[in-house]
Amino acid sequence: MTLEAAIRLTEILMGFAFVQQSIEHLTVFSNERRLFLARLALAVLLIIGVQTAWISFLLLLLGLAILTIFQGPYNGGADRMGLLVLSCLFLAHLAQGSRWQELAFGYLALQLILSYFISGGVKLLNPEWRNGQALRDVFQFSAYPVSKSLRQLSQSARLLQSMSWAVILFELLFPLALISSGSLTVALIIAAIFHLTNAFLFGLNRFFWIWVAAYPSIIWFQARIFS
Amino acid sequence: MKLLQTIKLLLPALIPSWNFFESIAPSPRIQYSLLNSASQTNKDWLEFRPRPQSVPFTKMLKRMLWNPRWNESLFLVSCAERIVGNSSSEIILHSEQEILKRIKNDLLQKHQSLTATHLQFRLVFVQRQNKTLTEEVAFISRVQATIGEEAR
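Quick note, the sequences are listed as chains V and E, same order.
With our numbering, the residue at position 154 of the first sequence is 154, and numbering never jumps.
With our numbering, the residue at position 85 of the second sequence is 312, and numbering never jumps.
Be aware that one or more of the hints could be misleading.
Stated by the list, open to error - Chain V residues, not near chain E, derived (Cβ > 10 Å throughout): (1) 13; (2) 23; (3) 24; (4) 34; (5) 44; (6) 77; (7) 97; (8) 99; (9) 145; (10) 170; (11) 179.
To be verified - Below, simulated DMTMM-like cross-link-like pairs (lysine to aspartate or glutamate); rule was C-alpha separation at most 25 Å, straight line: (12) V:148 - E:362; (13) E:235 - E:323; (14) E:358 - V:128; (15) E:328 - V:4; (16) V:148 - E:333; (17) V:148 - E:363; (18) V:148 - E:274; (19) E:331 - V:32; (20) E:289 - V:32; (21) E:337 - V:32; (22) E:229 - V:128.
Note that these hints are calculated values from the structure, not bench results.
No residue lacks a Cβ here, since even glycine has one placed at the ideal position from N, Cα and C.
Put together the whole structure using the sequences plus the hints.
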């Protein structure tokens, strides 16, 4: 995948993620509605491909305004990832035609790799993750399970220990997937299924769309470094 | 000063820590009470947005595209964590206001109008200590009027 194609695909996927997020804010308070209507319009323009450098800049400014009105991210890691993707896209546009463009977009790929690798590392260091207790806690009393019936999964100690190790190993080994485009494709499919599962069990739908939006950067990065 | 604050908010996005679920922290539950006067002392605490018994697969699928209520609930979890975390008084006030505003809006959507004149919430944190779950009230909000000038 060429750099230009990867940037364009990222714009489209991120634009879709922003449209999805923005629509969710249109039914509530008027101050939110105004900001997210503007964001919705800009995201549609980004998908269409109109003046994408300027649109990225305006979306970044709007992102900062949204960050300020909520005194932080509205949706934790998903919003932060959105700002990261947006910042890297904007910098890539700013540095168009120079080597800095690759650095800006490559930074997004690097952070995507770290998002899995560091998450796996911190879990591996925690004995409660290694023995499955942490995942039992997630199901038993954290704010995330979307229904009471899901809390019963906390009783399945062996299943959750296996799940914990599956997540830890996948996240830690994720960087090795860069060895070939085939292994990266497989890893990204597994990662997307992981985010989809989190969306179903914990209602983290925004994480799915915004992480997938960053995938073109790593596909380009793999080809640039290893091919 | 505003610019500095914005940069402070943006930095964790540009240089993320990626330590998702590093440890499972005490988890907040929001409980609210509807009051007939600002000084009412006996209060019934009700859980805000209790979870349904189950969520059908088709609904989970739909929520991939449309999940505003749950995402708002997750934002309120963040607000609750900010209140008991090492946040500034400005952030605590903002979080308290956001929770009160959204509880009131939720109640108005459900009941059209409120007969109670005041509203208050508290944060109960659930955590595991050894093998048992414990609950601790970590914060009680101010009493907020639900009608009239004070309610705005």
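Checked hints:
Once the 10 Å rule is applied to beta carbons, residue 13 (chain V) is consistent with being away from chain E; the minimum gap is 14 Å. Annotated as non-interface, residue 23 (chain V) brings its C-beta within 10 Å of a C-beta of chain E; the closest such distance is 7 Å. Distance to chain E contradicts residue 24 (chain V) as a non-interface residue, since its nearest Cβ pair spans about 4 Å, not more than 10 Å. Against the 10 Å criterion, residue 34 (chain V) stays outside the reach of chain E, whose nearest CB is about 16 Å from its own CB.
Residue placement check: residue 44 (chain V) keeps its beta carbon more than 10 Å from all beta carbons of chain E (closest about 16 Å). With a closest Cβ-Cβ approach of about 6 Å to chain E, residue 77 (chain V) is found to fall inside the 10 Å limit, against its non-interface label. No beta-carbon of chain E comes within 10 Å of the beta-carbon of residue 97 (chain V); the shortest separation is about 23 Å. The beta carbon of residue 99 (chain V) sits about 20 Å from the closest Cβ of chain E, which is more than 10 Å, so the claim that it is off the interface holds.
With a cut of 10 Å on Cβ distances, residue 145 (chain V) falls inside the contact zone with chain E, its closest approach being about 7 Å. Its beta-carbon lying about 14 Å from the closest one in chain E, residue 170 (chain V) satisfies the requirement of being farther than 10 Å from that chain. Listed as a non-interface residue, residue 179 (chain V) keeps its Cβ farther than 10 Å from every Cβ of chain E; the least gap is roughly 22 Å. Note on residue 148 (chain V) and residue 362 (chain E): the hinted pairing holds, with a Cα-Cα distance of about 18 Å set against a maximum of 25 Å.
A hinted pair counts as satisfied when its Cα atoms are at most 25 Å apart, and residue 235 (chain E) with residue 323 (chain E) qualifies at roughly 21 Å. In summary, the hint linking residue 358 (chain E) to residue 128 (chain V) is supported, as the alpha carbons are separated by about 13 Å, within the 25 Å threshold. With a CA separation close to 45 Å, the supplied pair residue 328 (chain E) and residue 4 (chain V) exceeds the 25 Å bound. A threshold of 25 Å between alpha carbons decides the hint, and for residue 148 (chain V) with residue 333 (chain E) the separation of about 21 Å falls inside it, so the pair holds.
Distance check on the hinted pair: residue 148 (chain V) and residue 363 (chain E) sit about 21 Å apart at the alpha-carbon level, within 25 Å; holds. About 14 Å separates the Cα atoms of residue 148 (chain V) and residue 274 (chain E), which keeps this hinted pair within 25 Å; it holds. Between residue 331 (chain E) and residue 32 (chain V), the direct Cα distance comes to roughly 16 Å. Compliance with the 25 Å bound is thereby established for this hinted pair. Taken as a hint, the residue 289 (chain E) and residue 32 (chain V) pair is honoured in the structure, with Cα atoms around 23 Å apart against an allowance of 25 Å.
Of the pairs offered as hints, the one joining residue 337 (chain E) and residue 32 (chain V) holds, with about 21 Å between alpha carbons and a cut-off of 25 Å not exceeded. Distance restraint check for residue 229 (chain E) and residue 128 (chain V): the Cα-Cα separation of roughly 40 Å exceeds the 25 Å cut-off, and the hinted pair is therefore not satisfied.
Violated hints for the displayed structure, listed by number in ascending order: 2, 3, 6, 9, 15 and 22.
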